[in-house]
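Given the coordinates of chain A, work out where chain B should sit on it, guided by the hints.
Protein chains: 2
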Amino acid sequence: MAQQYVYFFGNGTAEGDATNKALLGGKGAGLAEMTQLGIPVPPGFTVTTEACVHYSKTGNYPEKMQEQMQVALSKLETSLGKKLGDIANPLLVSVRSGARVSMPGMMDTVLNLGLNSETVVGLAKASGNERFAYDSYRRFIQMFGDVVLGVPHHKFEHYLSAMKKSRNVAIDTDLGADDFKELVEQFLALVAKETGKPFPQNPADQLMLAITAVFGSWDNQRAKTYRRINKISDDWGTAVNVQAMVFGNMGDDSGTGVAFTRDPSTGEKIFFGEFLINAQGEDVVAGIRTPEPIARLKDVMPVVFEQLEAVYQKLEKHYRDIQDIEFTVERGKLFMLQTRTGKRTAKAAVKIAHDMVLEGLIDKKTAVLRVLPEQLDQLLHPMIDPKEVYTSIAKGLPASPGAAVGKVVFNAEDAEEWVTRGEKVILVRNETSPDDIGGMHVAEGILTATGGMTSHAAVVARGMGKCCVAGCGALDINEREKFFIAGGVTIKEGDFITINGTTGEVVVGSVTLVSPEFSGEFAILLDWSDEFRTLGVRANADTPEDARVAREFGAEGIGLCRTEHMFFDGDRIDAVREMILASNESDRRKALAKVKPYQKEDFLGLFREMAGLPVTIRLLDPPLHEFLPHTDEDVQKVAQASGLHFDQLKRKVSELHEFNPMLGHRGCRLGITYPEVYEMQVYAIIEAACELKKEGIDVQPEIMIPLIGHVRELEILREMTVRVCDEVINRSGVTLKYLVGTMIELPRAALTANEVATQAEFFSFGTNDLTQTTLGISRDDAGRFLPDYVHQGIYKEDPFVSIDVAGVGQLVEMGVVRGRSTRPDLKTGICGEHGGDPASINFCHKIGLNYVSCSPYRVPIARLSAAHAALKS
Amino acid sequence: MAQQYVYFFGNGTAEGDATNKALLGGKGAGLAEMTQLGIPVPPGFTVTTEACVHYSKTGNYPEKMQEQMQVALSKLETSLGKKLGDIANPLLVSVRSGARVSMPGMMDTVLNLGLNSETVVGLAKASGNERFAYDSYRRFIQMFGDVVLGVPHHKFEHYLSAMKKSRNVAIDTDLGADDFKELVEQFLALVAKETGKPFPQNPADQLMLAITAVFGSWDNQRAKTYRRINKISDDWGTAVNVQAMVFGNMGDDSGTGVAFTRDPSTGEKIFFGEFLINAQGEDVVAGIRTPEPIARLKDVMPVVFEQLEAVYQKLEKHYRDIQDIEFTVERGKLFMLQTRTGKRTAKAAVKIAHDMVLEGLIDKKTAVLRVLPEQLDQLLHPMIDPKEVYTSIAKGLPASPGAAVGKVVFNAEDAEEWVTRGEKVILVRNETSPDDIGGMHVAEGILTATGGMTSHAAVVARGMGKCCVAGCGALDINEREKFFIAGGVTIKEGDFITINGTTGEVVVGSVTLVSPEFSGEFAILLDWSDEFRTLGVRANADTPEDARVAREFGAEGIGLCRTEHMFFDGDRIDAVREMILASNESDRRKALAKVKPYQKEDFLGLFREMAGLPVTIRLLDPPLHEFLPHTDEDVQKVAQASGLHFDQLKRKVSELHEFNPMLGHRGCRLGITYPEVYEMQVYAIIEAACELKKEGIDVQPEIMIPLIGHVRELEILREMTVRVCDEVINRSGVTLKYLVGTMIELPRAALTANEVATQAEFFSFGTNDLTQTTLGISRDDAGRFLPDYVHQGIYKEDPFVSIDVAGVGQLVEMGVVRGRSTRPDLKTGICGEHGGDPASINFCHKIGLNYVSCSPYRVPIARLSAAHAALKS
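Chains A and B, in that order, give the protein sequences. The first sequence lines up with residues 24 to 896 when you count with the numbering used here. The second sequence lines up with residues 24 to 896 when you count with the numbering used here.
Be aware that a few hints might be false.
Copies of the same chain are indistinguishable here, so a pair counts whether it falls within one copy or spans any two.
As the list claims (entries may be wrong) - Keeping only pairs whose Cα atoms sit at most 30 Å apart, straight-line, the calculated DSBU-like set for lysine-lysine is:
1. Lys505 to Lys819
2. Lys204 to Lys819
3. Lys673 to Lys418
4. Lys505 to Lys673
5. Lys869 to Lys106
6. Lys515 to Lys106
Treat the hints as calculated values from the structure; they're not laboratory data.
Here chain A stands alone, though its shape is the one from the complex:
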């Protein structure tokens, strides 16, 4: 038997149903399902996606497709008592594409197919409305001409405008039957001229041409681009739905509308939508008349409304999810034209998932899977009021989500000063450095001209949960004169701007923001997520404040505390610089003795906040020159402030200069060459822990050595760490468990993880650096080519955002497997930026990591993602 390429639906039965989405497309499956449910749907048939794929590959229709269509068409004609091309009682159909997933705008619709210069007369008679018939005919010629024959839309519009002008009317509805008749003639002539052939008058030809056009549209550039962006396979193809026309524009007893079964913005359980009396769907889109709220339909057409209510309730119960429906009323009779799963905001998604569990419609597992982790960001940060209309003057990288409004300042000191006097500021810099931490902390948002998604500004901003637009190359910043130019506009210090870290936009002036809402339903949904996930979720946090936020968001520990961030605060930077400038170990130790009390204070705060939970503290990581000023001007300033000699400072700065600081003298290499620095840090950590332990607080320190490449490095530093810890613990007389572990952030560490694990009680994969080294890409410099790379599909995603599974992922998995081969109880986690990315979290779950660690504001996303990963595996 030949394969079935055509599926009929109508009169309460259908050959397909909702399970046939892949074959019939979303629309076709929905129509079939609704028909089966006894819901009034204009009859028709669906040509399958397989037929499209066949056509796309061979340029021919599959065998028997046309015969099967003929059978379905006859069935359709019989059921309606009309015939395609019948002069007295013509059947009109719509032809619509419908892929497995919705691809809006990819392909236009052809309505009123079946009209020609003879059937239009029959339609006029049958409908008793000549104007309606010719209006339909001219619309058909235009749509068909545009979509199928490639005659540009605007050429038809030109004649329509001229006609309105000559008749001295403003809108289409003021034109009469004769006007449309004349327009039809003009349109037919236009098509003949543009295509060199008369407009196809044979409805059977029209149908085949329309179907072929829909098939062909699958491979047009626009569709291909859309699929690439939305990761839709090129092999799926589209189905084609051929359906009897119904008309909402046949008088005041007709109309059309769209509706959602719940409010798609808030998730509230109300019937939500709008309708127009005496109109077709395209009139709603055209925006000539303002639709009315769906509730008003009750007054206008009470019977229809009652039917519609029954239908939408039936559909939601049936699909167990919010439905987005389209309907038409033709002379008092309701027809459903589409039902599909409704798109919704994050807020609505959370509320609907929550409510449907309470209503018994879905279980918790389904509810958790209904909310996309990627969406949650919306709920956690302020955003520009969706009602606002604005234009941006520049667009950078969406480096840290949320939006912010404030006055522009150009350096961190100004930021702090302005905020002290009650201003809200946006810190605008070419790039930020650790020196700017104070200013970043008080600013509403951060805007930089250079640097990528994982530049200093971006990383720190995300850590602070603060809005940031980075790498906005269009900005021409003059930091000294305190202004910047973008998009031809000059913005001076003190001018208001708004930045949108979710989209990367920079907007002049102050735009209204809406606050995030961390609703009760949200908290409940996350609790449900926790019931399903097996992956632990920790946060990257450097301060007690960060730690508190993280804990509130549900973090189960700190996975990464960057001790160097503590080196900048207040006076301590002076002692740190003194340490760096010391020319021998003894002077270095003297300076370190000044730094130590600060560090200890930091750890006391952190441990207190995280009582009962593990806290992973990474020893000093960045190269020392990061703590020194760089320009002559700054060197001068620091020299004056600290009482150091300019020359001495300057010499040290140039002595410490590195060509590739990322691959330079940093991480454990500092611990090897200056053991006293790491020793001071370990003393500070373990003394703080012992003090709190004496107070009865449960402290769980995990000391982490960064940038290990060779097991010997770790062996040397672990020995030192254990010696110091045991000495302090013995002296304190407390019982304290602590772990010593390492970051795995260099390929060599992953490759030799079996050796490294002999010296490490835990591994934390530092996938930022591991990505940089494995791919050989500096995240700070990648801005110049990585967008091209993602665009050309070399990397499907920015590998600094979503883990590169084939390369970096391979090393991470190797690290886990090899590490556990020599230490079966090895604890493993990830603390790179990827720890907050849903796809990466899914990967972490699959390879059996114990936990992910991400910025506090991404903890909810990580909890939900981890649940998704567990439920899907």
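Leaving out everything else, chain B in the frame of chain A:
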């Protein structure tokens, strides 16, 4: 039966022989073997290395060792008719350490053991020489006191000096028997005071104490350090040789000497050495008297000389290698005390290996293995005359071997100018950049203050076979004022200095150099090497001149031609800069059209030189900013010279600035973002190849895409390359085979080599960059910590010099295995600096690479190393 810990030798028989080196140590095995050969050797016994290992682990002698020693001692006493501790006729012995390999200076010797205040009287009587007896006794107390009892040497010397002073004599030999008697009393008192115990008078105790001291010395710090440096296992232990004393200081019929069976400097077949009449070995060392050439012995002791000649000839024939021998003549009787393989210079090694094959002593395979590849560098570069005595003012890294003398200049332009007027110059820079190529080319040698073994200066200098000392941190260079200060000395422009790239030394003034000698024997030995090796050897060469040198040295192709080096020469840099400054593709193409003729010319020269051999050409690799000036001053200069705007140039420079250029916009990333650049290069390559092919020259181009991380990059660029090549070939109407391949220099490329190989006909492992990324170490910045790392044994060798087998090596092997899994005939090579390192070459052979590629001057080393690798596997 108990294990045998003691091996007797004497009277023509021995329990061990030369095959027992591991058990008896080199010295013990040599003594046993000589005894077996009927050569006169004072009898004795060897305590095995196993006994030492047992003692080292447990602190106790192994069971039965002492009993076995007692048996051997009795045998010794019987054979000589003397007894240890016998008052009338005392046996005296020497106690010497002797490990598997020679560890000179690790452990002192104890001579004359067996003397005490009673036996010394017997010795005086038996020898009829009281002075000799007490001289021997005081020497024994001092040696034993120092070595075994730990009484410092200088405290004994103090009494000896005082004695000489009081007797008013200058040298020891002027002291008489009574003086020594008095000294003996003073020494005995000294030992008693220092150790709190009387000097051990019982010879049996003396012997056990001495043996224990030798055992213990295996684990002293000096020995451990020596072993670490020389890669000797700590588990080997040392043997102890106890041997009857013979005395060369018993009058003019006695004497002592050392000799080599051939000249160890030149390899000439002459008996070479020196001797002293009436002396002990230590007198030779003390340097009080000047030894006489061995040939003079023929006149002094003709019979002994004849015996000695017979012995040395027997030994060389027996061992089939040059021997280093020690002998003593006691009252006209010859005793051999040691024979071992003689150390020799590279030149001698080559000549001896060559000659011995011709003499039928060894086969070619043995000859090849007799020459160490590491040594060959000596033969390929000028070196400081070994006879010169000099002091250095600073020491940097030995970045490129050989030595050079010249006048100091501080920039490349001066270098070229000075050389034009006939001067020889040394180019001194803080660091070199590609801009300096011209100056480097004409300079005798290069000296830099910063940068490591693989810095630009080092890499380029090695490529040119030019002497270079890099990273000499002690230099304080003022490039503007044109002077530098080092070791307190100020060296101005035009002053002569000498640099030694083999040691890293910097010397004031002009030191005499000796030229390299590429002897006929050397060429023959390399030909023999070629018979054994399976690994191909290519050279890294960028110019026809380099290529010619490489070919002369035996390179079988070019493994890496760096096209960017061609970008700097002469005028072309202007066109290159124009290309970089172009703001759109069309302007870029215009500038590229100017560069192309130059590139094509380069390739024509290269292909011609390498006719019949493959030439691998790498497309542009460095980031574009490397071609732009960096300081404001240079920007100004370039702007003027090229007619560009200062501001425009300056903006571009800052626009292209990168934080980590090593991980930046370079390699194939340039090819992806500016396809027209690579396209121009491919046109130039393939047009040059086609032209020559038309002339009938065999051209084998291999086009190599650098820095691939993802197969898609290669796919895109390979498509372009094939399109261009096929177009040009078709147009030319020739038949030309070419290959398209890639560098594997990023971990991701190795990890996904199975994918990458689908697009590559060959892989060339760029182990410089692969080491940087795998270890996360920038070679330009590593100078600050890598020496510490090598010193602390974290990496046994500088991983940029010798491949890090466990990490980088693992990726290379993975790359080969995975690459061949999808393309079995994949050609694989290595073109990093490691391609010229013997240990790395051995690794390349083991994992089955097809070839190594190194700088032209290392081709001979690579050929020999490859032969060693093949012969050893």
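Handout entry: Identical-chain pair category, Lys505 with Lys673, by Cα at 30 Å
Key = both (26 Å within a copy, 21 Å between copies)
Handout entry: Homo-oligomer pair classification [Lys106, Lys869; C-alpha up to 30 Å]
Key = The answer is neither: 57 Å in one copy and 80 Å across copies each exceed 30 Å.
Exercise for the section: If the cutoff is 30 Å on CA atoms, where do Lys204 and Lys819 land: within, between, both or neither? Let me know, please. Expected result: Neither: 52 Å inside a chain and 92 Å across chains, both beyond 30 Å.
Problem - Lys515 and Lys106: within-copy, between-copy, both or neither at 30 Å Cα - result: neither (71 Å within a copy, 104 Å between copies)
Exercise for the section: Please work out whether the CA atoms of Lys505 and Lys819 approach to 30 Å or closer within one copy, between two copies, in both situations, or in neither? Expected result: neither (39 Å within a copy, 53 Å between copies)
Practice task
Please work out whether the CA atoms of Lys673 and Lys418 approach to 30 Å or closer within one copy, between two copies, in both situations, or in neither?
Solution key: Between copies, since 25 Å is at most 30 Å while 37 Å is not.
In the structure shown, a violation is registered for the earlier hints numbered 1, 2, 5 and 6, in ascending order.
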